[in-house]
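J.: Protein chains in written order, with my numbering: chain B, 881 to 1132; chain S, 3 to 294; chain C, 669 to 1004.
Check the hints yourself; a few may be wrong.
As a list, the in silico SDA-like pairs of lysine to any residue whose alpha-carbon atoms are at most 25 Å apart [as the list claims (entries may be wrong)]: (1) C:Lys-861 x B:His-975; (2) S:Lys-245 x B:Gly-991; (3) C:Lys-676 x B:Gly-898; (4) C:Lys-676 x B:His-990; (5) C:Lys-676 x B:Phe-896; (6) C:Lys-861 x C:Leu-693; (7) S:Lys-245 x B:Gly-897; (8) C:Lys-815 x C:Val-880; (9) S:Lys-245 x S:Thr-9; (10) C:Lys-815 x S:Ile-188; (11) S:Lys-245 x B:Gly-898; (12) B:Lys-1049 x C:Lys-815; (13) B:Lys-1049 x B:Arg-1097; (14) C:Lys-676 x B:Arg-1016; (15) C:Lys-815 x S:Lys-245; (16) C:Lys-676 x B:Lys-1049; (17) C:Lys-676 x B:Ser-893; (18) C:Lys-676 x B:Arg-1097; (19) C:Lys-861 x C:Lys-815; (20) C:Lys-676 x B:Gly-897; (21) C:Lys-861 x B:Ile-1106; (22) C:Lys-861 x B:His-990.
To give an idea of the chain S side of the interface with chain C (calculated C-beta under 10 Å), a few residues [to be verified]: (23) Arg-176; (24) Leu-252; (25) Ile-256.
These are calculated hints, taken from the structure and not from any lab test.
This structure is a prediction, so every number in the text was calculated from the model and none was measured.
Note that CB positions come from ideal geometry on N, CA and C, so glycine has one too.
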Amino acid sequence: MSDLPALAIDRVSKNFGGLRVARDVSLALPVGARHALIGPNGAGKTTLVHMVSGLLQPSGGTITLGGIDVTEMAPERRVGLGLARTFQISSLFPHLTVVENVGLAFEARHGLDRRLWGRTCNHAEIVDGAAALLQRLALLDLAGRRVADLPYGQRRLVEIALVLALEPKTVLLDEPAAGLAVAERGALLDLLLRMPASLTILVIEHDMSLVFRLAQRITVLVEGQILTEGTVAEIRADPRVRDIYLGSRHHG
Amino acid sequence: MLGVAATIVALLVDGVAYGMILFLMSVGLTITLGVMRIANLAHCGFAMIGGYIAFALVSSDHIGLFTALPVAVAGTMLLGALLERSVYRWVYTTGQLGQILMTLGLVFIFAASANVLFGSDLHAVGLPGWLSENWNWGAISISAYRAFIIVVSVVLATICWAILEFTDFGARLRAAVDNPRMARCIGIDVPRVFSITFAVGCGLAAAAGVLGTQIMPLEPWYALEYLVPLLMVVSVGGLGSLKGSFYAALVLGIIDTFGRYYIPAAGAFVIYLAVVALLLWRPQGVFARVST
Amino acid sequence: MSERADPKAVEIARSGFARHGLSLLDLLPFLCALLVYVFGGRYLALSIQVMVQIIFALSLDLALGYGGIDSLGHVAFFGMGAYAAGLFAMHVSSQPLLGLCVAALAGALTGLITGPLVLRTRGLTLVMLTLAVATMIQQLANAAGMKPITGGADGLFGFEIAPLFGVFSFDLYDHTAYWYALGAFAFVFIICKVVVNSPFGLTIRGIRENPVRMRMLGVNVTHRLVTLYCISGALAGIAGGVQAQVTKLVGLDSLAFLLSGNALVMLILGGTGSLYGAIIGATIFVVLSDRAAAIDPFNWLFAIGAVLILAVRFAPQGVVGLITDAWQRQRGRRRL
């Protein structure tokens, strides 16, 4: 594994007119990191993820993926470099079926998205891959159901499947447990714990029990600035973090 | 030299007058687009309706332009309000395609009705004598009618701007344009603001339709005829930006007039090229406020 | 991460993909066309019109129904194809099939040139740009400077179309024209099926559903949309080309907005995003408008307007939507 961090955010800031949403945020994730980003609502966590994934341009600072400067790069190309993300509200293809959703990710992964000949359902890379993945995630019996017809919790899982289908190197998860019932959160945590060691994960979460069991390091973001960063033990012990965040809310 | 100057002055006046008519029409469209994001292809139709009402009244020989104008405006506002409460409500949630199709249907109905009532010939509202004159200074000749249009438009534009800037309603409208969801959250009755704005927009379009018939004559397909120039003004100006569409209308009116005069072989082509180039340069609108 | 799935899983997965495969249902339009030829000799000219409009509606369905490109300017492709076919017959060669290829090429090129400009935008700006481009092309064709090429308001006429395959001549009896149009229809229909069933077809549907997610899968959305636009443009160009060759006439009305508007009505009548909707909608529309226009053109316009408004409110999925809804209620499975 190379020395270069999988993801490095260097003094990134973002202004909307006069409003400073992010200020001098720096973060470095080595390959295989399990890193959590926590903080109160409105702290700028999702904005940061938007900037890393390319949907928003930072006003200052740089972002690198595996040593490559992607600050000006379009989102599609960042995905090509191994980046994938989920959204706070699951971003899927609502009128397509589950297998079509996952199939699209396989298509994109194998460069088949522009192929004009042959039927989609006859392409082994797409169908076999989707079948295997759905089976592994116990979603196979949902294969023919439209995403719009699924309950919320299952949609969250489909989005995770989508992300896994891309075989990414770095994954950004934006509140993956939000809206899930307790049992579903357990299944999600299980899934995240079983991810390959070479995969780098940055997760935004409010669910502290999930954060403490998954993360190795935690960054605390408050009003667009980093309050502190450290190991799980350090963050748990930090009184400032408790005051600002943990004291008032335990579960998201 | 003086001849060229005279021509240029005349073209400028023509271009600005045309632009001002487009601007008046665009006010309603750009604000309703900014607030509710409704793709309303039928907006020019209200200008046409206002124009035809005035035409019918003035042609009946007992009513002058300045009496017909408020009647036409009021009538169109009423129709606009009724349509907004009925068919437009149907498409607030259907997404863009539904709005396009419904308003296209309205355009067809407007065209069919106009043809039945007035036939397919071009019509213009008769002007009182003093408006039909030209004012001459030496070689320079300015049409009183066009000057009148410019003055009225600027006055109306100033009134609109004043309402937006200084009244309570204006503040609420601006908030709704800036961020409809947030406006709702802080207690602004966005649907009601929209209904009022829609009706007023129709009224302004009607005024433009009545005043502009000498430059933009009435015919059944009026709504489609001027839809593209109007949409271009609104796009180049930036959706929801009153100032934006003012400048855009001015610029586009002048480019179009000069283009048609100096390059007759290419005719109306020039303006489209200009708009495409402008939108390629700044897709969110050349004169729009910088937004996120 | 890649493990082999067992065959049963693969089967379940495969069945989850929407399939628009060729079935007996697809033979139905062609069967009807055959019956019309045999029994309805008087209606050949009308049927040719229907087929031309079906091809045009299919091309718009690809772009709008599948790709979500709200195009109000599709007549631009139709007109470019018509003028290309006419000019080709006048100045280069009167071979019909060659002319049709040129027409398709003209449509595709128009898509290639305007696509990257137009498809970078979204929402109302996109709609406006499609309209502006089509209007611009129409103005261009009508411009004084272009009159020697396009014939201006008079249009192109008096060109000859050579016999098809050197044998079947395009005469006043429309027999050759009928089979020619039918062949073009079959070809376009097959192309549409191929595109829609392909991985590209799934990509396009994904773009329509959620372009942001597509970008986050690594897909260059604008490139795919331009490709679709070119294909759609080529097919619309074929419609225009057939029209030009069969009527031996090309006028400014082949660039008029009315054709774009009519195609939209056809799609909402029949239903978007299913191909069959385009066929049904075009058939209903052309037949009705032929009857109605003969009686009273402007009240027909009134009727179309009313249909549009009411359809958007009460039957937005068109005839195909009504049929599938009823069919699903029958089967007891409500999948809405």
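J.: Can you confirm whether the C-alpha distance between C:Lys-676 and B:His-990 stays at or below 25 Å?
T.: Measuring from Cα to Cα gives roughly 23 Å; hence the hint holds.
J.: Hinted pair, alpha-carbon criterion (25 Å max): C:Lys-861, B:His-975. Please report holds or violated.
T.: holds, 20 Å
J.: Taken at face value, is the distance from the CA of B:Gly-897 to the CA of S:Lys-245 at most 25 Å?
T.: holds, 19 Å
J.: Take a quick look at whether B:Lys-1049 and C:Lys-815 sit within 25 Å of each other, Cα to Cα.
T.: With a Cα-Cα distance of about 60 Å, the restraint between B:Lys-1049 and C:Lys-815 is violated, given a limit of 25 Å.
J.: Given the proposed pairing of S:Lys-245 with S:Thr-9, does the C-alpha separation stay at or below 25 Å?
T.: Violated, because 28 Å separates the two Cα atoms, which is more than 25 Å.
J.: Are the Cα atoms of C:Lys-815 and S:Lys-245 separated by 25 Å or less?
T.: Distance of about 40 Å is beyond 25 Å: violated.
J.: Going straight from one Cα to the other, do C:Lys-861 and B:His-990 come out at no more than 25 Å?
T.: holds, 23 Å
J.: Holds or violated: C:Lys-676 and B:Gly-898, Cα atoms, limit 25 Å.
T.: violated, 58 Å
J.: For the pair supplied as a hint, C:Lys-676 and B:Gly-897, confirm whether the alpha-carbon distance does not exceed 25 Å.
T.: violated, 56 Å
J.: Interface hint check: S:Ile-256, Cβ to nearest Cβ on chain C, cutoff 10 Å. Holds or violated?
T.: Since the shortest Cβ distance to chain C is 18 Å, the answer is violated.
J.: Are the Cα positions of C:Lys-861 and C:Leu-693 separated by 25 Å at most?
T.: Distance ~13 Å between C:Lys-861 and C:Leu-693 Cα, so the pair holds.
J.: C:Lys-676 and B:Lys-1049: Cα distance at most 25 Å?
T.: Given pair C:Lys-676, B:Lys-1049 is violated - Cα atoms ~30 Å apart, limit 25 Å.
Consistency note: the structure conflicts with the earlier hints numbered 2, 3, 5, 8, 9, 10, 12, 15, 16, 17, 18, 19, 20, 21, 23, 24, 25.
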